[in-house]
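Chemist: Each chain, letter by letter, is given below.
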Amino acid sequence: MSVPGSGILKGLVETARNFAGSYVSPERLVTVQYPEESLPPPENARNFPFLVYDEDPDKGLRCVACKICEKECPPQCIYIVAERDEKGKVLKRPRIFDIDISVCMNCQICAEVCPFDAIKMDTEFELSRYERFGALLLHKQDLAKSNEYYRRIHPTEAAEVDARLAEDRARQQAKAAAAKAAAASPAGAPAPAADKTP
Amino acid sequence: MNPVFFILAVVTLAGALGAVALRNMVHCALCLAVTFIGIAALFLHQGAQFAGLVQVLVYVGAVAVLIVFAILLTRSGDARKGVAVFSRSWKTGLLTAAATLATLVAAIVNSPGLLREAPRAPELSVRQIGLDLMSQWLLPLEILGLLLTATMIGAVILAMPEKPSGEPAPGPEKGARP
Amino acid sequence: MTAASIDQVFVNAKQALLSLLPETLRPGLSMAINAAAILGTFALLFAVATLLERKGLGRIQNRYGPNRVGPFGVLQPVADGLKMLIKEDILPRQADRVVHFLAPIALVLSVLLAYAVLPFGRNMAPIDLDAGVLYFFAASAATELGVFMAGWASRSKYSLLGAMRGIAQMISYELPLVLSTLGVIMVTGSLSLVEIAERQAPPAGAILGRWFVFTPWGLAGFLLFMTAAVAEANRAPFDLPEGESEIIAGHMVEYSGFKYALFFMGEYLGMFAASGLAITLFLGGYHAPFAFLGWAPSWFWFFAKLLALLAVFIWLRGTLPRLRQDQLMNFAWKWLLPMSLVNLVAAGVWSYSAAWTLPGAGFVRWASCAGLLILPALWLSRGWRARVGPRVYRYA
Amino acid sequence: MTPLPYWLILSSILFAIGLAGCLVRRNAIMVLIGIELMLNAANLNFIAFWRYGSGAEAAHGIMFVLFAIAIAAAETAVGLALVIALYRLRRTVQVDEADALKADDKPR
Chain V
1 MSVPGSGILK GLVETARNFA GSYVSPERLV TVQYPEESLP PPENARNFPF
51 LVYDEDPDKG LRCVACKICE KECPPQCIYI VAERDEKGKV LKRPRIFDID
101 ISVCMNCQIC AEVCPFDAIK MDTEFELSRY ERFGALLLHK QDLAKSNEYY
151 RRIHPTEAAE VDARLAEDRA RQQAKAAAAK AAAASPAGAP APAADKTP
Chain G
199 MNPVFFILAV VTLAGALGAV ALRNMVHCAL CLAVTFIGIA ALFLHQGAQF
249 AGLVQVLVYV GAVAVLIVFA ILLTRSGDAR KGVAVFSRSW KTGLLTAAAT
299 LATLVAAIVN SPGLLREAPR APELSVRQIG LDLMSQWLLP LEILGLLLTA
349 TMIGAVILAM PEKPSGEPAP GPEKGARP
Chain B
377 MTAASIDQVF VNAKQALLSL LPETLRPGLS MAINAAAILG TFALLFAVAT
427 LLERKGLGRI QNRYGPNRVG PFGVLQPVAD GLKMLIKEDI LPRQADRVVH
477 FLAPIALVLS VLLAYAVLPF GRNMAPIDLD AGVLYFFAAS AATELGVFMA
527 GWASRSKYSL LGAMRGIAQM ISYELPLVLS TLGVIMVTGS LSLVEIAERQ
577 APPAGAILGR WFVFTPWGLA GFLLFMTAAV AEANRAPFDL PEGESEIIAG
627 HMVEYSGFKY ALFFMGEYLG MFAASGLAIT LFLGGYHAPF AFLGWAPSWF
677 WFFAKLLALL AVFIWLRGTL PRLRQDQLMN FAWKWLLPMS LVNLVAAGVW
727 SYSAAWTLPG AGFVRWASCA GLLILPALWL SRGWRARVGP RVYRYA
Chain W
773 MTPLPYWLIL SSILFAIGLA GCLVRRNAIM VLIGIELMLN AANLNFIAFW
823 RYGSGAEAAH GIMFVLFAIA IAAAETAVGL ALVIALYRLR RTVQVDEADA
873 LKADDKPR
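Residue numbers (this note's numbering), protein chains in the order written: chain V, 1 to 198; chain G, 199 to 376; chain B, 377 to 772; chain W, 773 to 880.
Hints were generated in silico from the structure; no laboratory data involved. Take these hints with a grain of salt, some might be off.
Unchecked claim - Below 27 Å or equal to it, Euclidean Cα-Cα: the simulated DSS-like pairs (lysine-lysine) are:
{"id": "1", "chain 1": "B", "residue 1": "Lys431", "chain 2": "V", "residue 2": "Lys10"}
{"id": "2", "chain 1": "B", "residue 1": "Lys710", "chain 2": "V", "residue 2": "Lys10"}
{"id": "3", "chain 1": "B", "residue 1": "Lys463", "chain 2": "B", "residue 2": "Lys431"}
Claimed, not checked - Each pair of labels, with its calculated beta carbon distance range:
{"id": "4", "chain 1": "V", "residue 1": "Leu165", "chain 2": "B", "residue 2": "Arg700", "range": "25 to 33 Å"}
{"id": "5", "chain 1": "V", "residue 1": "Arg17", "chain 2": "B", "residue 2": "Leu458", "range": "34 to 42 Å"}
{"id": "6", "chain 1": "G", "residue 1": "Ser323", "chain 2": "B", "residue 2": "Ile409", "range": "26 to 34 Å"}
{"id": "7", "chain 1": "B", "residue 1": "Ile409", "chain 2": "V", "residue 2": "Pro40", "range": "57 to 65 Å"}
{"id": "8", "chain 1": "G", "residue 1": "Val307", "chain 2": "B", "residue 2": "Ile466", "range": "52 to 60 Å"}
{"id": "9", "chain 1": "G", "residue 1": "Thr347", "chain 2": "B", "residue 2": "Ile624", "range": "23 to 31 Å"}
{"id": "10", "chain 1": "V", "residue 1": "Asp58", "chain 2": "B", "residue 2": "Arg698", "range": "58 to 66 Å"}
Backbone N, C-alpha and C define an ideal beta-carbon position, used for all residues, glycine too.
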């Protein structure tokens, strides 16, 4: 039979140890002094979408202005206008790409439906603004972030995307090469079959 | 007339009037607490320190809270419009009270023997009260203890929900009427 | 400056101040000075206590606690106070305006009144009342009404439930609170707090003070008193009336701004008052623990003990989980109340056995008193675990 | 010092207010409140006569008040228990509605 009240004493000793220990060994302290230091967000953290580009922030955007994300976005916070040339022909890149992240609900659907891996989720969270309207309406140039940045914040996911893109590119090159070869020799060549499984 | 006495008397009487006349019964109970505090202050003013403190402890600390509990338990706290607060024969009641008051005041005013000076302020220590309680007043004290015990048991039994054996009568929670 | 003059520095300062004034004004002004001193000291202590509590709780939970406002966060109470003052004072539309306004005032006033009899140092009791202990309990009796007024006038079911819980708890724990002090009153034969404190002075030539907590019944009484005082002050682990996770803040739900701050202050002031009474009754009042430490002023010892008890309050809050309502009531009526009655008997045995002169009588006295307390405690605790039961967690 | 008749008149008024409350109000709890007021008026008289009487050294007046307070507390406890029992039985605490000599089956 345990002495009545021993559990209370045990608890008191435990908290006293915590109290004294937090002064002796600072590594016990679990809090981070936030504005001065901050913990890196976990790899799977996500909040608002951004646009990925390769090499050039404007020309290198992967977005082709297909507007799938605009249609899928549940709170309809994405606005896209495709670029047109002088003759009015639609080009495969956006002229306007706006996301109002004060409306965005961080659902990641845009990133999931994008067939071109052009829109991905960011981990930036220090987004406080002083203005009430407009300051959180991000434009194309605010949203464009490099593939290196993407690799840095989501390494595993970015590696997968890169591999997939490289595979696609290789397949296209092979197809183009095959087409060229077919054009050169009408008999055709079975050579591309080896390239299908890199 | 002493101004302290006057102020305390006014507070006490105002509290008493509020306690019997207000519509909302919780207000009545709070006014009653004011009256109790006023009477305790009058006791202190008279030099009856112990009685005044006991008055606050028992009446404000226990009786007022008990009344408040009873008001809430019987749902009398929310004064609904249209429900009469005063009984049909309120005129008779008021008349009786006024007659009583008139009789008492007439008796007091017509007693010149009451107009005497107070003797010197009594030096009554708590120790003496305790010694008196334990010697001269021991039997009443014991009887009082017995009475309080009986009261406690009786009150608990009275207020306990009855569980009728036999047919399932409507319990207090189910309610006899909607 | 001698030790004695430092000890009496506040008393002398007050006398000097009074001597400047005409004779007729002196009694009233003396009281006004006392009241102002109590208000100032304990309002300051309240501010310090909120900071210490947050820091202490933080350290217990391996956090820093507030450390932003000022060096080491010492200005945090100022910031909190300013925030409270400039907040909007919200009054629910259905609320009873007058009662809603009066509730915090009634609460704080009744708590403050209790301070009038506490001896803060040698010759430093504001009033040396013949019935000091009785006055203390009478003055703090109105806190229950304050809690009820707050809960009822808000017209919110949470605040009413919280208030009813709070009153039930305060009434239940007032009995053991009063009964546990009776041992001291019985042994000293006085209700005056000054005299009780004087009785615990270290006797001439002795090293250790004659604190009542050094006797078996005194120790038990102190523990019972502190348990009941924690419940009376609505502090964790007995903070059901304001259990944040169930009824938000109990009777204070509908309060904001300055009125909320008053409730908050009332809670802390109640805690200080109860601690002050515990110090005076059991911990030797303003006397130093050892005779050779007597050079330090008496008020220093009182406030040092007060801060130590405050630390205990914070420590308990950081350690113990909140009780359930039925556990709370069972504990008050089935454990604390019988134990405080038993403690009264033990104090009686102790006081009558003081005349024993046989060799070894001191040991027999100790053992009989301790046995008288420990055996009922064990008997009352039997099956307690089975009754309270291991917690059964039901998930929704 | 206030003369004795003032105290007695004060307590008479208090007694009359209590009596009026007792007779006029319908709610049983209000009747109890009236009784409390009358008891307090009596206590006030005890203290006044003790203070102005000749035997102020003896604590007789105080003793009367202490016993009266204790008995009044007991009376309140039982009275309120009765009120709560009445409410449970009849769903009303209005004294003029509780006029049956026997608890009838049909709820009112």
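Chemist: Holds or violated: 57 to 65 Å for the Cβ distance of B/Ile409 and V/Pro40?
Modeler: Given about 60 Å between the Cβ atoms, the range holds.
Chemist: Starting from the range 23 to 31 Å, see whether the pair G/Thr347 and B/Ile624 falls in it by beta-carbon distance.
Modeler: For G/Thr347 and B/Ile624 the Cβ distance comes to about 40 Å; the hint is violated.
Chemist: Could you see if the CB distance from V/Arg17 to B/Leu458 stays within 34 to 42 Å?
Modeler: Check passed, 36 Å falls within 34 to 42 Å.
Chemist: A range of 58 to 66 Å was offered for this pair. Does it hold for the Cβ distance of V/Asp58 and B/Arg698?
Modeler: Roughly 60 Å apart at Cβ, these two residues keep to the hinted range, so it holds.
Chemist: Hey, B/Lys431 versus V/Lys10, does the alpha-carbon distance stay inside 27 Å?
Modeler: 22 Å, holds
Chemist: For the pair supplied as a hint, B/Lys710 and V/Lys10, confirm whether the alpha-carbon distance does not exceed 27 Å.
Modeler: 24 Å, holds
Chemist: Tell me if the beta carbons of G/Ser323 and B/Ile409 are separated by a distance inside 26 to 34 Å.
Modeler: 27 Å, holds
Chemist: Just tell me: holds or violated, for the beta carbon distance of V/Leu165 and B/Arg700 against 25 to 33 Å?
Modeler: 59 Å, violated
Chemist: Does the hinted range 52 to 60 Å hold for G/Val307 and B/Ile466 at CB?
Modeler: 54 Å, holds
Chemist: Take a quick look at whether B/Lys463 and B/Lys431 sit within 27 Å of each other, Cα to Cα.
Modeler: 24 Å, holds
In this structure, the hints that do not hold are numbers 4, 9, in rising order.
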